[in-house]
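Using the sequences and the accompanying hints, generate a full structural model.
Protein chains: 4
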Amino acid sequence: MIVILKPHAEEKRVQALMEQIRGQGVEIHFSQGTTETILGLVGDTRHVDEDWLRASDIVADVRRVSEPYKLANRRFTPQDTHVTAGGKAIGEGAFAVIAGPCSVESEQQLLEVARAVRNSGATCLRGGAFKPRTSPYSFQGLEEEGLRLLLEARRVTGLPIVTEIMSETQLDAFADVDIIQVGARNMQNFRLLKALGQCRKPVLLKRGLSATIEELLMSAEYILAGGNDQVILCERGIRTFEPMIRNNLDISAVPVIKAKSHLPVIIDPSHAAGIAWMVGPLSRAAIAAGADGLMIEVHNNPRCALCDGAQSLDPAQFDALMGDVRRRVAFEGKALL
Amino acid sequence: MIVILKPHAEEKRVQALMEQIRGQGVEIHFSQGTTETILGLVGDTRHVDEDWLRASDIVADVRRVSEPYKLANRRFTPQDTHVTAGGKAIGEGAFAVIAGPCSVESEQQLLEVARAVRNSGATCLRGGAFKPRTSPYSFQGLEEEGLRLLLEARRVTGLPIVTEIMSETQLDAFADVDIIQVGARNMQNFRLLKALGQCRKPVLLKRGLSATIEELLMSAEYILAGGNDQVILCERGIRTFEPMIRNNLDISAVPVIKAKSHLPVIIDPSHAAGIAWMVGPLSRAAIAAGADGLMIEVHNNPRCALCDGAQSLDPAQFDALMGDVRRRVAFEGKALL
Amino acid sequence: MIVILKPHAEEKRVQALMEQIRGQGVEIHFSQGTTETILGLVGDTRHVDEDWLRASDIVADVRRVSEPYKLANRRFTPQDTHVTAGGKAIGEGAFAVIAGPCSVESEQQLLEVARAVRNSGATCLRGGAFKPRTSPYSFQGLEEEGLRLLLEARRVTGLPIVTEIMSETQLDAFADVDIIQVGARNMQNFRLLKALGQCRKPVLLKRGLSATIEELLMSAEYILAGGNDQVILCERGIRTFEPMIRNNLDISAVPVIKAKSHLPVIIDPSHAAGIAWMVGPLSRAAIAAGADGLMIEVHNNPRCALCDGAQSLDPAQFDALMGDVRRRVAFEGKALL
Amino acid sequence: MIVILKPHAEEKRVQALMEQIRGQGVEIHFSQGTTETILGLVGDTRHVDEDWLRASDIVADVRRVSEPYKLANRRFTPQDTHVTAGGKAIGEGAFAVIAGPCSVESEQQLLEVARAVRNSGATCLRGGAFKPRTSPYSFQGLEEEGLRLLLEARRVTGLPIVTEIMSETQLDAFADVDIIQVGARNMQNFRLLKALGQCRKPVLLKRGLSATIEELLMSAEYILAGGNDQVILCERGIRTFEPMIRNNLDISAVPVIKAKSHLPVIIDPSHAAGIAWMVGPLSRAAIAAGADGLMIEVHNNPRCALCDGAQSLDPAQFDALMGDVRRRVAFEGKALL
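Sequence order for the protein chains is A, B, C and D.
In terms of my numbering, the first sequence opens at residue 37 and continues consecutively.
In terms of my numbering, the second sequence opens at residue 37 and continues consecutively.
In terms of my numbering, the third sequence opens at residue 37 and continues consecutively.
In terms of my numbering, the fourth sequence opens at residue 37 and continues consecutively.
None of these hints come from the bench; they were simulated from the model.
Only a predicted model underlies this, so the values are computations on that prediction, with no experimental measurement involved.
Certain hints may be false.
The list makes no distinction among identical chains, and a pair is therefore deemed to hold if it is satisfied within one copy or across any two copies.
[Said to hold, decoys possible] Here are the simulated lysine to aspartate or glutamate pairs, EDC-like style, with alpha carbons at most 16 Å apart:
#1 230 <-> 179
#2 296 <-> 97
#3 42 <-> 103
#4 230 <-> 208
#5 106 <-> 265
#6 296 <-> 128
This is the structure we're talking about:
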């Protein structure tokens, strides 16, 4: 961590600040120039508060050199983490496809989609029981009944299930879920993240619409700090000024996260694109960029879907996509789970 | 709502779609041009799902004409809403200043700040007991003890208190709080919004860092739809590409929200600026743009604050600001509460 | 084009507006609802000014249905355009790799890089003679001497050359250049675009840092409208809030532009990434997403480059990348030019 | 400037790098920690290239401490610069209102507007002769005839004129213009900036839609470095994700620029808002935030304006606004020029 002092800071004040910093168990290297004075803080600076430093009126600026995340940091855990659900270990070299409807609508709908995606080779079944909707007037999900149907679909197809949690109060109800999803809007619901850190279930953590990569890793750090290291990160598009695309898939996030962290990273091309015909090209880009998996919306009848129909593939389209995915995953020298 | 059909859509398919739309109680005006065909949907289109329409493969695009929010909409409630806390009615013409520390740190700290801001003329006391922090290693607030101290500070100073809730499970603990704050990161925590709709307490709803104004109004709609119309909206800066400013205060949001909605709007210049010296100019801009209030961080010793010290004013700076605010609120022909 | 009238607009005023619109050779379909009235404008609405409509105080909103670009629009030119330089036709199915140094620094440097990229299989040689630099104190390019060296490098290697123009006053000096590049900062330098429309040379048009895809296509339209249809579009990263990536590669732009336009689209992963190790993953994503080519910075000694050294590959790294690119282009069923 | 070295960088390489840096006339303070090594560069680091440093494979990161602009920097020129046009010195304490039509359309139109804004108290007359338009099919301005009419309007009203230049080739034609405007799209047209640095005319430099404040100051630095210190900066809204506002007025830019630079800053609320009714609130915010002036579009008949009619005030609206502006400028203790 680097602290840049204001020009002409009073000597006595500077000494006092340095005393306080050293009191936090950190060493200081002092560089005095003609126009600026720099304090280089070395050691474990994780607990040194930037805000506290910035509040000092002799401090001009503070720059972090080392990352604020530790457990999620590849520097300290060089080996790739694999996240295991239903006996399948998702991560570097082992590619997962999580597919299913945006929301669970009925037993018939869910089983039809579940059988279709299983037959096409999906790794896991996704489906929303509790739906975070922008409008209070939109369909909010089948809730507990939706969860029950997902378990039924797992029984029938053998696919591990992934579904979204909206509050830490639901953890008991999610006890039998294989992978608990945290949606983009809850990426910084810290009460929920802490509770997930306490449980021993895989978590699929989606990046918020305007969350930085560092913030995403810090949210993962909340879960890891609780003792749960089974976290999959998911990039699903960020908010930019471009109106032609619903959410702008941040493809660079894949190599950046793989470099910075040991956690698996998957891509959700359906939410990024917002429209079915773009799911193919974005899936292809994701595989080539090094993602560890895809999360894709499939509906037996997209035109009648209760939410996000426009971005859902129908089973035939998904089957064609899976053929392409299989060929590409093999080209990358990876195994499709 | 306008539905633009694809060129050369099959006549039979178009008729079927129109039948389905009419089945939802909506009238259609049909415009056939040489290059495009347009369906104008009129009536109560609030429940007509855009996604469902977009999923049809004969639909090229869907555009909403009327706003999706109804209870928060000035069109249907032309008169300004005032939100009452501690006997003070905040809203058009009645300007509120909510001031206090970012987080409650100790009885001495809180009482010192509370007395100072009361003496300088603040309307309400703010203070965080539960703190949403990006890092799990940062100070997370005094929690229940913090709430207790806030109630004590109210007893001593008479100021109504504003503090942030993080989960619907905390509602009982917040029973004596005057105004419940929903932070930017929880703006779309829909479980929390629904629970707040059920209670009968004023809510201060902060705009998310990348939430559109329409999304903010839809989150307010969640609370209003539950029967609670006591909602104050708060703009606190949005995320842009500009690195010199922590969050970019969206000053245009003030006139836009005042035009679109009847709810009061306040500005949080402290979080927008991220640095104390910018709180003054942004406060002045907020008053001039028509805001109904300000939310300002004040700390008795900003250099030792456990969070956000850099953006906190000390009591003397706040007192000077209040002198300026008083003059400006009077200039606008409003009353300082 | 759709015009939404304000509620309670005076009948006489509405009739007058409709008269004026019809006077511009456009038909109107009129839809009167209970809460809103909609005018559907059909025919050639390209010349109907949205601003003029919005300025009417009986108009609530205006929405375009058809795209404002015509010559660049795939709807009117369904077949893919190929852009020919040095006997090579770049476009759908024919993949180009444009490689070379950020700026031309010396004869030795340029020839060394030119020979290396030719030997590794590059299609064209790039190199900046006139450099747009944020700072007036940065190296501004060798200018005319740089152009001369590029022509020399073409003579030696046989590679067509691509270099950036900064003003329409330079067109004569660029007479022997094979492909004239318009940089991101000049994407809306309309004087330059008009001049390029008048010449008969291939143009490589880079997307501005915060230009929408529609604006990029409108800038292409300027060139096409002048009679020059040899335009290659280049996505090179957009500006977002994410600080870990210099410019955020908008990978979705590739399928969107290919759907909307017949012009070839290439990707510049070097400027997007800003750092050499990310050029590989972004190049792979670009090929998979359907791009028609890549533009890559190569320097014989990146550590001593006078600009953008951090993002330049050295010849060995470029050679390794080309091996990978060759395999992937073949996998996509395309030919590497 | 701070250079952070990679962990385990070879001693010999580090020494070599330090030698090269010292060779550029810069001193180094060396800080070796357990996890990182930091080089603090002190002295005149303006010419030390960040890219060159980043390209070294023993460098992990580079952070600038001092600003890259010098002539535009308040640190080196503490006193406010005033820009003089037509005998009026615009800058701190002296508030300017530049008003007029988006584009010059006819002698009658221009003279009518010019007389109206003069009578209402405007400081300068604006009007576009050459118009940068997104579409080649939109009205491109009256060009030379437009310039002639502006000079005529100055003769009639006595108001200094402000008009936009699009290329350095037009400088001769602009010889009689009082203030030359550089539009947002040309903020980084470096050929134009250099040419303006050579002339001795006031320049009004608009911030690009996604330009950072530092980039704006660097563009001003281009003009100042040429020897022309008569530069007014203009904030006119930035591009964000918010669809309800055309360009998001960055009000924080006013106090930030005033702190960083000695140049005057004005606000263009018309382009930011994109709609006439928002010009009032944004103007009020601009004055309160400390701007040195406003640039406002006025049209004698906004409904028939050939461009940007929606955001233009009519003369009566402008007159009412000027009454408000006069009161507010006096409240701030400034003089309306």
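Legend entry - Homomeric proximity label, residue 296 with residue 97: Cα distance no greater than 16 Å: Classified as between: cross-chain Cα gap 14 Å, same-chain 25 Å, threshold 16 Å.
Inset, instruction - Can you give me the call for residue 230 and residue 208, within, between, both or neither, at a CA distance of at most 16 Å? - result: within (15 Å within a copy, 21 Å between copies)
Inset, instruction - Can you give me the call for residue 296 and residue 128, within, between, both or neither, at a CA distance of at most 16 Å? - result: within (14 Å within a copy, 36 Å between copies)
Inset, instruction - Evaluate residue 230 and residue 179 at a C-alpha cut-off of 16 Å and name the case that applies: within, between, both or neither. - result: between (23 Å within a copy, 15 Å between copies)
Legend entry - Intra- versus inter-copy proximity for residue 265 and residue 106 (alpha-carbon distance at most 16 Å): within (12 Å within a copy, 44 Å between copies)
Inset, instruction - Give the relationship of residue 42 and residue 103 under a CA distance limit of 16 Å: within one copy only, between copies only, both, or neither. - result: between (25 Å within a copy, 13 Å between copies)
In summary, this structure violates none of the numbered hints.
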